[in-house]
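Enquirer: Build out the structure end to end from the sequences listed, making use of the hints.
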Amino acid sequence: MDFHTAAKYASLLSKDYAEDIFKLLVNYHAISASEVATRLNLHIKTAQDFLEALAQLDVLSKEEALEKKRPYYRYTLEQTRLVIDIDLMQVKQEPSQKNLTLRVREKENAGARFSVARSDDYITNVAIWTGIGREREERKIKLTAPQGRFLFHLPFPKAEPLTVDEIMQKAGIAESLAPEIIDLVQLLEKYNVIEAVPEEPI
Amino acid sequence: MTLVRKLKPDRNITGALVPLSMLPIFGLTSLIFGIPTGILTLAVMIGLFGVFYLYVFIRTRNVFVLVISADCVFLIFMLVMASGTFTNAAWNYMEDPFDSAEFALAYFSGLAFFGFVIIFLFLTRRLKWRGREIFELAAEPVEETGNGYTSRPRPVGKVDYSPQQMHAFARFCSRHLIALPYITSKNLTLVLVKNSEEFGRLLGLSGDYRDATWVNFDMDGEVSVHISQKDYLDYREPLAFDQLCTSLGQVFSDFFDLYDKGEGVRVIDRMDDLKISVFS
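Chains as they are written, first to last, in my numbering: chain A, 1 to 202; chain B, 1 to 280.
For the record, the hints were derived by calculation from the structure and aren't laboratory data.
Everything numeric in this text was worked out from a predicted model, so none of it was measured.
Just so you know, not all the hints are guaranteed correct.
Calculated cross-link-like contacts (lysine-lysine; reagent style DSS-like; alpha-carbon spacing at most 25 Å) [claimed, not checked]:
{"#": "1", "chain 1": "A", "residue 1": "K23", "chain 2": "A", "residue 2": "K8"}
{"#": "2", "chain 1": "A", "residue 1": "K142", "chain 2": "A", "residue 2": "K170"}
{"#": "3", "chain 1": "B", "residue 1": "K275", "chain 2": "A", "residue 2": "K170"}
{"#": "4", "chain 1": "B", "residue 1": "K8", "chain 2": "B", "residue 2": "K275"}
{"#": "5", "chain 1": "A", "residue 1": "K140", "chain 2": "B", "residue 2": "K230"}
{"#": "6", "chain 1": "A", "residue 1": "K23", "chain 2": "A", "residue 2": "K45"}
{"#": "7", "chain 1": "A", "residue 1": "K158", "chain 2": "B", "residue 2": "K8"}
{"#": "8", "chain 1": "A", "residue 1": "K107", "chain 2": "B", "residue 2": "K230"}
{"#": "9", "chain 1": "A", "residue 1": "K68", "chain 2": "A", "residue 2": "K45"}
{"#": "10", "chain 1": "B", "residue 1": "K158", "chain 2": "A", "residue 2": "K158"}
{"#": "11", "chain 1": "A", "residue 1": "K158", "chain 2": "B", "residue 2": "K275"}
{"#": "12", "chain 1": "A", "residue 1": "K158", "chain 2": "B", "residue 2": "K230"}
{"#": "13", "chain 1": "A", "residue 1": "K45", "chain 2": "A", "residue 2": "K8"}
{"#": "14", "chain 1": "A", "residue 1": "K68", "chain 2": "A", "residue 2": "K23"}
{"#": "15", "chain 1": "B", "residue 1": "K158", "chain 2": "A", "residue 2": "K170"}
{"#": "16", "chain 1": "B", "residue 1": "K186", "chain 2": "A", "residue 2": "K142"}
Listed below are several chain B residues computed to face chain A (Cβ distance under 8 Å; list not exhaustive) [what the hints assert, rightly or not]:
{"#": "17", "residue": "F116"}
{"#": "18", "residue": "S151"}
{"#": "19", "residue": "K186"}
{"#": "20", "residue": "N187"}
{"#": "21", "residue": "N216"}
{"#": "22", "residue": "E222"}
{"#": "23", "residue": "S224"}
{"#": "24", "residue": "S228"}
{"#": "25", "residue": "Q229"}
{"#": "26", "residue": "R236"}
{"#": "27", "residue": "A240"}
{"#": "28", "residue": "D242"}
Beta carbons are placed, not taken as given, at the ideal position from N, Cα and C, and that holds for glycine.
Expert: Quick look at the structure:
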């Protein structure tokens, strides 16, 4: 299950009336939104939205019914067990060779402010400016110790760029920590603090 | 041979302004409260000046600054006498102490002695903070321009010295006013101080020393360098920042090597050879 679907389930299950509606769905063969609303003293729109959302997730099936020429839906429970199962590893950024061989250095006039740790061997946070005009505001990014060490060893603007892998070696960062380094590189590249420099052809 | 300076000329007059500011205060207090009060006010100000240099001695162990403190003590004694508060040898209040030949003799001989010693120490650069010399030495090998300034410190290498050797080197740097050391359990940070900037730095009015220009040695021997934007802008040209930081680290590594070989005097010679004005 992906995050987006899981979020929809979680949102529905967190409603105060969710358990009561499920109780009705389990015990009734088929039930309409107005029947749920009157039974639980809810607004019909609230009941309808909830049932529609469950139908979209295939938890319920719906069937059109007619009464005095006005069509409406009757909902039937299709799944008696709801399992939210998310594989967290699906969002892990595995360092690719391309990421690790990216030649980077600090961008000139980046406008970022770096705060150095008391021990003077790593950066604790970077303050960058986001937005333009009156919307411009400072955003402070706190760094993990390996990220701080990486930034400490990042080449200066106009200096010879180094690959992410080389900087990690200089800073003594284990290869297993590459995902958090790559995440930082991508973030700072987005905010123009770091620039990727393509290798010059020989 | 003409030496090409890479720093802009020094136009900072703080060093002269601090003692000179005593004169208008003396004049004003004399005008408002009378000459004896003016003289006492001047004595208090000179006293504070002397205490500052006593603090400089405690902080740096540069014995030559004690001459300034001693001179201040002498001047205070003379001024208090001149204000009419003290009595002469016959225990009578003195109307005008300069009527007394002994007072005038003591005053002028003391003034001549301290004046001579202080001018000698001044001309031989023993009272001079060496920040400008270090900046010039760091810029010497940097020919490339192109800015690239960043507020990040730069790791510039490693030295193979024990913490004891580092502490000894820090004492050497402070004794010769090369840099002001800040020592923690893990780091030794040498902060560069230019002449006239010592008042702000030592009195804590110049902000956190981490924002200044420094060279840091951690206890594992890793060396890192930080150059403040203010100091970087003091160069005539936007020198290649990366090279400048590396060079500054190298200057201190060379100094450390010379000091460790027992050739600390060569460090002083290298700075004196630059022939930077004693006023800057």
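Enquirer: A separate judgement is required for each hint: does it hold in the structure or not?
Expert: How the hints compare with the structure:
1. Among the hinted pairs, K23 (chain A) with K8 (chain A) is consistent with the structure: their alpha-carbon atoms are about 20 Å apart, no more than 25 Å.
2. Taken as a hint, the K142 (chain A) and K170 (chain A) pair is honoured in the structure, with Cα atoms around 21 Å apart against an allowance of 25 Å.
3. Between K275 (chain B) and K170 (chain A), the direct Cα distance comes to roughly 39 Å. Violation of the 25 Å bound is thereby established for this hinted pair.
4. Restraint check: the Cα-Cα separation between K8 (chain B) and K275 (chain B) comes to about 15 Å, which is no more than 25 Å; the hinted pair holds.
5. A C-alpha spacing of about 24 Å is found between K140 (chain A) and K230 (chain B), which places the hinted pair at or below 25 Å, so the restraint holds.
6. Taking the CA atoms of K23 (chain A) and K45 (chain A), the gap is near 19 Å; set against the 25 Å cutoff, the hint holds.
7. A hinted pair counts as satisfied when its Cα atoms are at most 25 Å apart, and K158 (chain A) with K8 (chain B) qualifies at roughly 24 Å.
8. Of the pairs offered as hints, the one joining K107 (chain A) and K230 (chain B) holds, with about 20 Å between alpha carbons and a cut-off of 25 Å not exceeded.
9. Restraint check: the Cα-Cα separation between K68 (chain A) and K45 (chain A) comes to about 20 Å, which is no more than 25 Å; the hinted pair holds.
10. Proximity of K158 (chain B) to K158 (chain A) is assessed by CA-CA distance (about 23 Å); at most 25 Å being required, the pair is judged to hold.
11. Distance restraint check for K158 (chain A) and K275 (chain B): the Cα-Cα separation of roughly 32 Å exceeds the 25 Å cut-off, and the hinted pair is therefore not satisfied.
12. Restraint check for K158 (chain A) and K230 (chain B): the C-alpha separation of about 20 Å stays at or below 25 Å, so the hint holds.
13. Pair hint K45 (chain A) plus K8 (chain A) holds up; C-alpha atoms about 18 Å apart against a cutoff of 25 Å.
14. At most 25 Å may separate the alpha-carbon atoms for a hinted pair to count; K68 (chain A) and K23 (chain A) exceed this at roughly 29 Å.
15. With a C-alpha separation of about 12 Å, the suggested pair K158 (chain B) and K170 (chain A) falls inside the 25 Å cut-off, and the hint holds.
16. Proximity of K186 (chain B) to K142 (chain A) is assessed by CA-CA distance (about 23 Å); at most 25 Å being required, the pair is judged to hold.
17. Checking F116 (chain B) against chain A: minimum C-beta separation of about 44 Å lies over 8 Å; hint violated.
18. Below 8 Å, beta-carbon pairs count as interface contacts, and S151 (chain B) has one with chain A at about 6 Å; its hint therefore holds.
19. For K186 (chain B), the shortest C-beta to C-beta distance to chain A is roughly 5 Å, which falls under 8 Å, so the interface hint holds.
20. The interface hint given for N187 (chain B) holds, since its Cβ lies 6 Å from the closest Cβ of chain A, which is under the 8 Å cut-off.
21. Residue-level restraint check for N216 (chain B) holds (minimum Cβ-Cβ distance to chain A is 5 Å; threshold 8 Å).
22. Hint on E222 (chain B) holds. Least Cβ distance to chain A is approximately 6 Å, under the 8 Å limit.
23. Of the supplied interface hints, the one on S224 (chain B) holds, with its beta-carbon coming within about 6 Å of a beta-carbon of chain A, less than 8 Å.
24. Interface hint status for S228 (chain B): violated, as the beta-carbon distance to the closest one in chain A is roughly 13 Å, over 8 Å.
25. Hint on Q229 (chain B) is violated. Least Cβ distance to chain A is approximately 11 Å, over the 8 Å limit.
26. With a cut of 8 Å, the hint placing R236 (chain B) at the interface with chain A is violated, because the nearest CB-to-CB distance is about 18 Å.
27. Taking 8 Å as the C-beta contact cut-off toward chain A, the hint placing A240 (chain B) at the interface holds, the least distance being around 7 Å.
28. The criterion of a C-beta within 8 Å of any C-beta in chain A is met by D242 (chain B), whose closest approach is roughly 4 Å, and the hint holds.
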